[in-house]
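With these hints in hand, go ahead and build the complete structure from the sequences.
In case you want the letters, here they are:
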Amino acid sequence: MDVVDRFLENAPGDRLEFLRARFDAGLAWVHFPVGLGGLGAPREMQQEVERALAHTPQLDTGVQAIGLGMAAPTILAFGTEEQKKRFLRPLWTGEEIWCQLFSEPGAGSDLATLATRAVRDGDEWVVDGQKVWTSGAHHARWAILVARTDPDVPKHRGMTYFICDMHAPGVDVRPLRQITGEAEFNEVFLTGVRLSDDLRLGEVGDGWRVAQTTLMNERVAIGGAPVRRGGGMIGLVADAWREHPELRTHDLHQRLLSLWVEAEVTRLSGVRLREQLAAGQPGPEGSGMKLSFAKLNQELTGFEVEFNRDLGYDDWAFRRSESVDFLGRDPGYRYLRAKGNSIEGGTSEILRNIIAERVLGLPSEPRVDKDVPWKDLPR
Amino acid sequence: MTLLYTDVEDELRAAVRDLLADRCPPAAVLARVEGAPYDLGLWKTLARDIGVAGLLVPEEYGGAGASAREAAVVLEELGRAVTPVPFFTSSVLATHALLQVGAGELLRGVAEGDLTVALVVPFSASPYREAGGQVSATDGRLTGVVGAVAGADVADVLLVPVKGTLHAVPAAEATVEVAPSLDLTRPIATVTFAGSVAEPLGAVDVAETLRFGAGLLASEQLGVAEWCLETTLAYVKERYQFARPVGSFQAIKHRLADLWLDVVRARAAARGATDGAAMSAAVAQAWNAGVAVHVAEEAVQLHGGIGMTWEHPLHLFLKRAKSAEIALGTPGEHREALAALADLPGPA
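Protein chains in written order, with full-length UniProt numbering: chain X, 1 to 379; chain C, 1 to 348.
These are computed hints drawn from the structure, not numbers from a lab. Wrong hints could be hidden among the right ones.
Stated by the list, open to error - Cross-link-like lysine-lysine pairs, in silico, DSBU-like; alpha carbons within 35 Å at most:
| no. | chain 1 | residue 1 | chain 2 | residue 2 |
| --- | --- | --- | --- | --- |
| 1 | X | K295 | C | K322 |
| 2 | X | K295 | C | K163 |
| 3 | X | K375 | C | K319 |
| 4 | X | K370 | C | K237 |
Claimed, not checked - Derived list of chain C stretches under chain X, where covered just means 3 residues or more per stretch with a C-beta under 8 Å from a C-beta of chain X:
| no. | region |
| --- | --- |
| 5 | 142-152 |
| 6 | 174-184 |
| 7 | 224-237 |
| 8 | 259-273 |
| 9 | 340-346 |
Where a beta carbon is used, it is the ideal one built from N, C-alpha and C, also for glycine.
Structure follows, in structure tokens:
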């Protein structure tokens, strides 16, 4: 590719300088506009660029996952020109890590009932509340935040979307230990955190609509990672199967073959989905990928533990995880970590609701909270 | 190879769908299944006017020279309407065998829509199991009995593999007896040869033909599943109980969401299987056969009482799905084949 060849001719050797130069050359995400890491080119061209640059310094897609997969498309869709210029470059190069301040102890599946308040004070907003299930908050420079700005209107209408400065006074990040023994997630306490109004993303009161862009991209990011045939979690399990003929049984063999088929048709659906995405934006179909991925991961990891007949566990020691890693460590860890797959990024139950209502056009359940001001809702 | 549908494929689909909407509504299929299930008038229109009969026949023999992708799209539409025409048995399965032996004259007849052919093997034969032995050939004459043959009762020429050689037998030379079959829209027959005059056509790899058929049958199964899902969705939106559409209950919605996801993956598998690879066919059959049955069964349940009646066409789809699950290798046989194809060997 000419554009890649020209870039490589003068590309700097230092990793960070290389990534900055790649962004400036428009080769970060080619479908983004010129000047923002892109070329305004069709999305499918990215695959060619990645192939051509496979031998060069790469992003840390684990630590950068929320920035790349969720914050960036939201900033692109709703940010001001200043916000796009300020945030996208260091987000992409990994100089600034992002996390997501959405879920709260009292607002999980019903995210729109969230209670973290943002109150306007001149050119600033003062934020108070508690967020939870925040991956990577301990690395993060910035966060995408949804907060309640008007408690007197029904819940979906009173929210506003912000970029939160994680270094601001009043931001307190505490590790939240999970069933794996480690703390990949955090609780984030926000106490009198002052955010200037130029950190607001989208209009006041439009936070729910902005958040939908983030959530659609999250589900594609979790469910849509490109995997070659026989790669990913099924690849790990298949390798273990091939390496340990002494552990094979007929029952496990039948189950493995079924899982292999399901993994393969799910992979093919992902390939199809990406072909569709190349043309436009992710739609509700992405919710389907995440749902299949969660079920498969859970079944495969459970299968692997049973196949190994290993009653041990690699390490229960409490520690901070460096990044989200579904494929890491031992089978016992993978089994426990996979339990989160049907909870994070929209529970499988919520995803089924979304599919049923938005894709299949089925009527919603009767809603008791639709026209009630948020402040009057039972909680 | 793209897993999406091309513009040409979409046009072909639209032509077939329009014709079937007009000529082959479910009520019409239901009305004819107990008399003469095959609609040969419709078959002539499909075969000649739309030209589906010769899709897989090369242009040199007067066909369209199309690929498995186009035939797959036609099969999706025929599955959506459980259309009682011999497209799959004649234009896919038997035609594939004719292509193997390069039988130009017969292929020409198929392409023109003048000739309907059938491969005389049990429809339940598996690509992974040595078949045959039912028919023997002596001095250009065939003797023997083959049961559960699909499409034989409307074939002009029967194609009979005997010890690796394909023979052509005019239908009048054999006895074809239709027996009651689970699938009302694709009857099976017992074919008896008693010294029937046969013309040897050349060497045929029956397993390869069955595998090719199995890969494309996945597209028909996709069509069956799609119709069942769409019909059920429409029903649960209009059926009221407890003063609400039953489709507004989460217990129903979640089941339908899961079915949709199964069908989404069946579509990807069916598209994948048009590449003709043994692995793709095995994957698609292992998945789609079960999905079609599952969606049809769920459709019966979610329709409640009306789903159990003869007057509702749903049972035609259930019967097609369950029969197709057995046809050309069961899902279990296709999974077993994957043990070798995907290098996942069983216990010693």
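Hints, verified against the model:
{"no.": "1", "hint": "X:K295 <-> C:K322", "verdict": "holds (26 Å)"}
{"no.": "2", "hint": "X:K295 <-> C:K163", "verdict": "violated (47 Å)"}
{"no.": "3", "hint": "X:K375 <-> C:K319", "verdict": "violated (55 Å)"}
{"no.": "4", "hint": "X:K370 <-> C:K237", "verdict": "holds (22 Å)"}
{"no.": "5", "hint": "142-152", "verdict": "violated (count 0)"}
{"no.": "6", "hint": "174-184", "verdict": "violated (count 0)"}
{"no.": "7", "hint": "224-237", "verdict": "holds (count 3)"}
{"no.": "8", "hint": "259-273", "verdict": "holds (count 10)"}
{"no.": "9", "hint": "340-346", "verdict": "holds (count 5)"}
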